[in-house]
Amino acid sequence: MRNLALAQRRPGWLGYAFLGLVLLLSILPLYWSFLVASGDAQSARDPNLSWFPGGHFIENAINAISNPAVNFWKALGNSILVSVTVSASVVFFSTLAGYAFAKLKFRGRGPLLVFIIATMAVPTQLGVVPLYLLMAQYGWIDTMQAIIVPALVNAFGVFWMTQYIAQALPDEIIEAARVDGASSFRSFRSIVLPIARPAATMLALFTFVASWTNFFWPFIVLTPQNPTLPVALSLLQANYFVDYSVVLAGTLLATVPLLVLFVVAGKQLVSGIMQGAIK
Amino acid sequence: MTTLTGRQRLANVSYRATPYVYISPFFILFAVVGLFPLVYTAWVSLHEWSLIGGDGGWVGLDNYAAVLGDRKFWIALRNSLSIFLLSSVPQLIFALLIASALDTNLRGKTFWRMGVLLPYVVAPVAVALIFGQLFADQFGAINNLLSVFGIGPVGWHVDPLASHVAIATMVNFRWTGYNSLVLLAAMQAIPRDYYEAAVIDGAGRIRQFLSVTIPGIRPTLIFVIITSTIGGLQIFDEPRLYDQFGLGGADSQWLTLTLYLYNLGWDRFDFGKASAVAWLLFLVIAIFGLINLLASRRISTEGTK
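Protein chains in written order, with my numbering: chain A, -19 to 259; chain B, 9 to 313.
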């Protein structure tokens, strides 16, 4: 009987074929955009587009980068600044809060955590007008503070770290550290942080991807002179005569850093997701 | 009872206070960039308020009346709902199928998981630029492909429904794999003996899926449904960049509520009306969130009966 059950869980060729198709659909649009980006101005509309890349990618990429309307290098620098700062800050503050919610006893702990989770249901768009007014008041329009500050910590991060720390960190260790006279922050630094590292790494990756790809708020609050990469990309298309080979070359260039990060850290990402579930 | 020295008492107070210090960054930030704007949006929506002139005085519900009387609002509402349904329903079905295919004894697990997650790292802006071209009306790659089968050409940028399908495809491209992995994580937490017991009871694969898997991942399923509802109804990046003009189509074919909000606020500088749209959008999301919650509760408990 046991063998029968296990046999049920082994994938047949149909499973592999299905996943293969999914994989193909994931990759094909990207590969197609690379084909267009390596072709000439007509290639996006070419019904007989070759399956092999043409020789114009570098030329198109240089055109995208040097387009004066786009500020590509500035955008790259801004995107790196925003994503690194936001990820570091989200991880730090979320771990701190997660530690408090998971392991420290205080009045109102339960309701406060429920409140934080409830805030996740409020759509970001709802506050966008006043937030813009607020940023205008501070003189933060077109600055990176306007992007970074509202994102310094978020409900998902706090919830995520609370969950992880609650199950990964035995209460006795914290008690022991306290008895030994370690200050609260000391035990946070030398006990909680190392133990929380797998979940913190995951959170950092997710936050990095989210801030790198974020468009709506940066698009509203930034100007073309000082964009992030998604904002810069949106400007590539905003001409009457658009060369889509150049647009897609720029698009791929802006995607490369995340693809590299994904290839380097993706293994941790997908195994980390699984780790979170096994309690 | 021992008496505490001053130093110990201080340490004690600090131990009591620290949790609040640790959680305070979230609450301070939320108060400033979350709660305050939320309440302030209601205030602005009841005023005539322009980007340049600022507060132009109390107008009561005039902004709401104006928005509700605008044909474009209803088109945007229709479009948002249509795009949301076309994206979240197939997305969820495929995510469930992919997750259960991944939840087996696959060779090269990490490879498949990474492959499925790949589109998630492509920015929505990039996805919009790529698919905007794939779905070009004349000589777009999709129409070229369809013509091989003798279909089309489809007016992906002309016909409302076709444009919704194209935009929903972009959303599905980016999020299906992500949701699959979230669902997979939940599936892996289901004890394997449940499946063995189901097999002993004579359950086939479909029966196992409906009676063991679905109830087993219920909270995660609800989470995925709710987040894709909130995300789907607020969609902006993809419709904004679906063509080079960013206005949602010549006849608002793919104008969504958030795009409408943006155009009111930052093209027409009418913050009062934009705020009214924000609250109406919130209302729509809340209604759908509630429907979802009730429906998904029903669906996922049915299997256990």
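The set of hints was computed from the structure by calculation and includes no laboratory data.
A quick note: this is a predicted structure, and the numbers were derived from the prediction, not measured.
Glycine residues also receive a C-beta, built at the ideal position from the N, C-alpha and C atoms.
Do not rely on the hints blindly, as some may be mistaken.
Straight-line C-alpha distance at most 25 Å; calculated SDA-like pairs for lysine to any residue [to be verified]:
{"no.": "1", "chain 1": "B", "residue 1": "Lys117", "chain 2": "A", "residue 2": "Leu239"}
{"no.": "2", "chain 1": "A", "residue 1": "Lys85", "chain 2": "B", "residue 2": "Tyr23"}
{"no.": "3", "chain 1": "A", "residue 1": "Lys247", "chain 2": "B", "residue 2": "Tyr23"}
{"no.": "4", "chain 1": "A", "residue 1": "Lys85", "chain 2": "B", "residue 2": "Lys117"}
{"no.": "5", "chain 1": "A", "residue 1": "Lys85", "chain 2": "A", "residue 2": "Asp151"}
The following residues of chain B were derived to be distant from chain A, with all beta-carbon distances above 12 Å [to be verified]:
{"no.": "6", "residue": "Ala144"}
{"no.": "7", "residue": "Gly158"}
{"no.": "8", "residue": "Val292"}
Tested hints:
no.	hint	verdict
1	Lys117/B x Leu239/A	19 Å, holds
2	Lys85/A x Tyr23/B	10 Å, holds
3	Lys247/A x Tyr23/B	39 Å, violated
4	Lys85/A x Lys117/B	40 Å, violated
5	Lys85/A x Asp151/A	11 Å, holds
6	Ala144	7 Å, violated
7	Gly158	15 Å, holds
8	Val292	10 Å, violated
Consistency note: the structure conflicts with the earlier hints numbered 3, 4, 6 and 8.
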